[in-house]
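Those protein sequences? They're chains A and B, same order as listed.
Going by full-length UniProt numbering, the residue at position 89 of the first sequence is 89; the numbering climbs one at a time, nothing skipped.
Going by full-length UniProt numbering, the residue at position 382 of the second sequence is 382; the numbering climbs one at a time, nothing skipped.
There's no promise every hint is true.
Unchecked claim - Below, a sample of chain B positions facing chain A; criterion: calculated Cβ distance under 8 Å:
{"id": "1", "residue": "S232"}
{"id": "2", "residue": "F234"}
{"id": "3", "residue": "G237"}
{"id": "4", "residue": "I241"}
{"id": "5", "residue": "S282"}
{"id": "6", "residue": "Y291"}
{"id": "7", "residue": "Q294"}
{"id": "8", "residue": "F297"}
{"id": "9", "residue": "Q301"}
{"id": "10", "residue": "V327"}
These aren't lab readings, by the way, just hints derived from the structure by calculation.
Backbone N, C-alpha and C fix where the C-beta goes; we use that ideal spot for every residue, glycine too.
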Amino acid sequence: MAAGNTKSSQPLLVQLLRDYRATTDRRVQLIDAYMVFLMLTGILQFAHIFLAGSYPYNAFLSGFSSTVGAFVFAAALRVQTNPRNTPSTKSISPERAFADFIFCNLLLFLAVANFLG
Amino acid sequence: MAGPPFQQLVHRILLLLLLLLFVFFVFVFVFLMVTVLPLLLQTSMGHEIALEEERTRLLRVVILASIALVAFASRLFSVIRYESVIHEFDPWFNYRTTRYLVEHDLHQFWNWFDETSWYPLGRIVGGTLYPGLMITAAAIWNSLRTLGLPVDIRNICVFMAPLFSGLCAVASYLVAKELKDSRAGLLAALFIGVAPGYISRSVAGSYDYEGIAIFQMMLTFYFWLKAVKTGSAFFGGIAAITYFYMVSTWGGYVFPINLIPLHVFVLLLMGRFSNRVYVAYSTFYAIGTLYSMQIPFVGFQPTRTSEHMAALGIFGLIQIVAFVQLVRSHLASQQFRRLLLVSVGVAFVASFAALVFLTMRGYIAPWTGRFYSLWDTGYAKKHIPIIASVSEHQPTPWTSIFFDLQLLTFLFPAGIYFCFRSLKDEHVFIVLFAAAATYFAGVMIRLVLTLTPVVCVAAAIAVSNVLDVYLKTPPATERAETAPARTVHADRPSATAAEGESKRPRTASLAAQQRDPSAEKGYIRGDFSKLGTIAVFAYMLVQFVWHCTWVTGSAYSSPSIILSSYTPDGQQHIIDDFREAYFWLQENTAPDAKILSWWDYGYQIAGMANRTVIVDNNTWNNTHIATVGLALASPEPLAYDVMRKLDVDYVLVIHGSVLGYSGDDINKFLWMIRIAQGVYPHLVQESDFYSARGQYRVDDEASKAMKESLMFKLNYYRVHELYGNGEAWDRVRQSAIASKNIKLSTVDEVYTSENWIVRIYKLKKPDNLGRTLQDAAAFEENRRRKRKVMKKY
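So that you can see chain B by itself, here it is in the shape it has in the complex (with noise of 0.2 Å):
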């Protein structure tokens, strides 16, 4: 808030402590993870390079600590700007439920029914969430008063997006390394704590899922990758573990749990199907599905559903593979053979004929709608209104990917290059991992967030390659460690000695040259050269990162529950309309006092307001949400009768006409229609609602339809005395009101908050003579006007 001075600078000092803390903690584990366990793992090491070895290793320690410094530093714009507070929707919800796990314990947690969200159906919140999140923070939370530091669990939950992406550069490097060389996996972290993809989901104060999802979900490619390396059960376990930290926190844990079986599943076909790969994917699925079924939301669905079949489909495989494989090497190939394609083609017909017969016997769910519509994009605004109806769930258009991703989109088909070159069983997984995620996110721009990381490591492989041959100087020492592009021949001599190797026996000087490290390894003589790739290259990381900070300060750093607007002169003000009505509800309206808005708005209520409400962000009741719908786009004594059936005491909209705010209930109008319309269709139709010219208009043009609907009254009700009574003017859809004749006859207004964004209204309690209340209005008004004509006289 702001308070005084003096507690701002509190509370910029604090802020500033919390900073400090969190460098610390990065240092701790990039230490741990870096530099003590390999020590441990490695044998003994020659002296002279032990040292150099230790003096690189601490640089690479300091660059990747700073990386993810930049990386936690440059999410703190919306901080900065506004003051550390929880943005958007689901957040909130997220923030509710800790600041409740907090106050009570873990076990009361798991069984909290929430009877003020959903009236009068009630939420069981403990079974229906991803705990993860919730439960991290709280930890934090706890660990960090133990040490003697009594932080606020708002604070807490602030910071954590922008804690784990610093983590998650982290995770980043260690895949990024895992695939080539640490070089690359410096350039990864660099990326990924930068690029905007993932910034979108991860500002200070956006406390949702995919914050620290990203950051699981890389830590368990990580693990994955190093078991397939080194096939060890130990690494398939600690995936395993991992995966099941993801599945705790984010529903899109399918997206790992698919992609590592086609993984082994690919390799399969490639021939490449090894002990290492049978033990790293046994233990993993053994191990993480068991894990997974720990989580309530989860429960038994990794054995109902088919976005799980393909994982357990994979596991009885490479099972069957590998008993083949044993009975192989016991016998002569060419009865071997015959064996092989008669138990492969038993096996596969019946594991198939099993997976329909369960499915059609409704053992197995088939694929739920969420999913379909990710393989045919105009799948849900035909079925699911409601999900076509999220703004993040519509496809990505082109520019949107290039404002995430900028340069790295041009180097991710490079990267992708140079994982072919080197095709070994890990780059299998980046290449599909990259086509995955690039077709996910060509469905959903909320998607893009699983591209980001690919893209990142991709990205760092590319450039990195391109800095392993410009950067060499011809002295090159002699390391073990080198990198696997092989070479850029640019000084001819080598490049014919490359090409004629295979042709005709070599002529002794090509010979020599051929057997000089430095051409083996491929380094560029010219200085030139050099300088311009390098400058080149230096440039548009440069143009990177610069687009990077512009595109987190100016698109991504804004919570949404706060708006400002700049004056002329350049000030800021502070539009805070939504904190001020919430803030009413809580300090005028009964405790248990039940508000109906849209979906939308339920979980700030919830958790702003701490009212009930009737329909909130967790959108599990189609037919719930239809019905509030229903009340909204009805004339008033329908939408009355409805209202009254759902106990509503206050009706709450967002209106954004007088200020031009676009995300206002207008402009969801046509969606609340549209899920009306699925549920009760003989009362509410689409086309009632555009005007003659089938346009969606608020003006004196707008369909009957739309001018008595309880949604278009509450928004534009008194709206012309803002301009003096003459014509109100809509700022949103540029175009005149028809806002003088409506009059309210079974609501009253009751508060509407200084930019006129947010509008409450009161229920009118029914007459008390039994007449509608429309009647008693007209009556009243009949009444009124008398008086007013017998004082006149």
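In isolation and in its complexed conformation, chain A is listed as follows (with noise of 0.2 Å):
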């Protein structure tokens, strides 16, 4: 199963990745290197506890929340600010999406800072 897989999914992904580098706005390819950055600063610091433990254990929560949390609102910045689906978030705007990326990545961060201990 596994060889026939690689084998169809190879064209696959190549032609996900045409049809990305065809179709996305300049923009929302800029939030997609961002959030592939904290995709991997998370695996970084997940590797790390395999590596060295997870002691100072709030440490490591803060440090990895704060990244799912940037990816979670980078994510839904995305969602909204990609004119492809605009249709069905109309009610928000990009200025408003930005704004409330902002106010999430403020409250986020403000519990990051006090739980690194």
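Two chains, two frames, a set of hints: combine them into the complex.
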């Protein structure tokens, strides 16, 4: 099953990337880059507990949840500002979405700073 | 206190002032919520409509403020009948900690180690309580002081629950408004304002978590619905903050943190997952979880216990779903389906395996006993007697639900039906809320509390739908905001029009009627049927309010530390034994004296007498409680040894037989025995305490173990003297008492309150000749008898 899957998913991935490059807005791509960066940071932190243990657990949690939170807010911003899916979220303008994004990040990092110990 | 009339007058005036202040606050809050916020958010509007809107809005504000006032005022029975005093058991602890908080600062509060409870273990108070209630009270106290109103902290605590009930009415208004419109909102506010199911936990003086937590829960739900409806991260964040406020207050926060993910999951299953839901839940969970971990008592639980795993799982799931949807937008559907199936399947299996693995390895704690007892109602009785022993953890009888909700019980299903009719995302939430809360309310009496808000909201929707149809007049004003309830076709023509629409091309006249706005919106032409229905509903609602007031006044407004009875001529007689005895303790015992009593009275002794207690209502250490149970259930010599080991100075028992007070220790004794047996099965056996015929008795037929137990002796010592040395009678158990032969050798009676409810004994020092105290007592007895005999001759 595995062999068959890799064979057919190879062109799938290529097709996906091509379509992404062609149809995605520049600004959205920027957000995507930010999200990929956050994801890598998260993976790095997760790898760290496997290597060095999770001893200051609150520090790990605040670090990890700050990346997860920031990732999610970025995703929300992406969803709300992406010109491709405006019909479903018409009530929210890109400016409002950005303000929400900043607001949520502020809230999040308030707790992160408190929890870092 | 019942001081001179002048003082009482001052007291009343202060009370009135507080009341007025409350009205003021409610007005400000309501005004902000209802008037200013929507105005800011609203775009331009037609001038005339705006004027009309303005007028109804003002009316709404006035009505809502009066409802809040009624909610506040109807909870004051206890203050007016008795006095402004803290009720029951747990509130005494909350009150004591609040006092500590206002006397010290927040930092000391967090680090407070209380060595006067759970002696000799002590309790880390700062890390083992939900501080929201105390901090809120202290904040109100501080802000009033800054305003130049130095109100006693006790009064703040007493009026806290009514104040937040008023606010809860506003929060329910907002929730119902999201579901239907402001008319339903007002009804919901009215219902929650007077529903006994909520009043039972929030009368003045009942200074407990639930009183304000329900308000916080409704506010969280409101912002959650708002977030789902608008898809705005802002509202998601606000919902998370209100959720955090609730987490800081009540352990019941587990309910919303499971209900909201359930809502998301069901929306997902219904194929209604949208970007709005994604944004709302992601922001809510990301912020809410991190914030909830800021409370020391919650700590890392959101990542470590099973109760929180559903929320985490749904969070992960919607990330995957959102990603899959993103990929879908870039792919053709054929390829996509295969990818979707494979990825979702793999993700589900992987996360479930991870959960099982982590639980097995002990990284994630399995469900706690308290939660098992929610699924299996017999669980607690078998495994955790300490939970089962609390009366409010029993399954709810039907009468109790009717008593607490009356009319709403019947309107509730109707409201759910209307929710199903206009099944939008927010209605799904209410339906789930209703299902979950109904189940839990059936399992435990105290959880009727979480059922009440949803019942009120659903009932409001039902009544409002009926009134919408039956109150509408033919020249209907063309308003933008109309009822979602389609129609109740009373007049035949329009009904046939609706039916005929789908079947055949309609005739011109029918089509005309179809276009007629009145027929479309649905109203009733006949004045008679209108009047009849309205009259019936008005009658039922009046009955409901009547019932609520009666229940509040008669059942839920007793402080339980003060009892009252009525003399035949109708005069109220106050029985104040508890405070009398606790005050005696405070005045007559050493400041470091240790008092042993059953755990129910721990908080009261600590709060009122300010003495060290062995166990209290924070039942965190079962063994310690069982040891106390052992001391009370065993015969004197063993009990004395156990109490010496616990360094006890005084023993306090609650004795109801003289007055007929049924909540006394003899009635709780079986639970003490069961709890003690759980830890010391070789020393205590429940069956030993039943008479030969297997009955629980206190008269001559009582078993040997029963008659010899310390609890029995301390309760009935000298009771027969009240009956002129005749046969003593127990007014609770309606039987004679085997009290005549009770002799105490290890304790001395030091205090018995006016109506014999509280009896306090002091432990004797060990005999200085090294005899057992029984021998010493027997020796003394002999000598006395001899002396008497000598005197005779």
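Status of the hints after comparison with the structure:
1. Interface hint status for S232 of chain B: upheld, as the beta-carbon distance to the closest one in chain A is roughly 6 Å, under 8 Å.
2. Taking 8 Å as the C-beta contact cut-off toward chain A, the hint placing F234 of chain B at the interface holds, the least distance being around 4 Å.
3. Because the smallest distance between the Cβ of G237 of chain B and any Cβ of chain A comes to about 5 Å, under 8 Å, the interface hint for this residue holds.
4. Taking 8 Å as the C-beta cut-off, the interface hint given for I241 of chain B holds, the closest approach to chain A being about 7 Å.
5. The interface hint given for S282 of chain B is met, as the beta carbon of that residue sits about 4 Å from the closest beta carbon of chain A, less than 8 Å.
6. The restraint placing Y291 of chain B at the interface with chain A holds, with a minimum CB-CB distance near 5 Å, inside the 8 Å limit.
7. For Q294 of chain B, the interface hint holds, the least distance from its beta-carbon to any beta-carbon of chain A being 6 Å, beneath 8 Å.
8. For F297 of chain B, the interface hint is violated, the least distance from its beta-carbon to any beta-carbon of chain A being 15 Å, above 8 Å.
9. The criterion of a C-beta within 8 Å of any C-beta in chain A is not met by Q301 of chain B, whose closest approach is roughly 12 Å, and the hint is violated.
10. Interface restraint check for V327 of chain B: the shortest CB-CB distance to chain A comes to about 7 Å, inside 8 Å, so the restraint holds.
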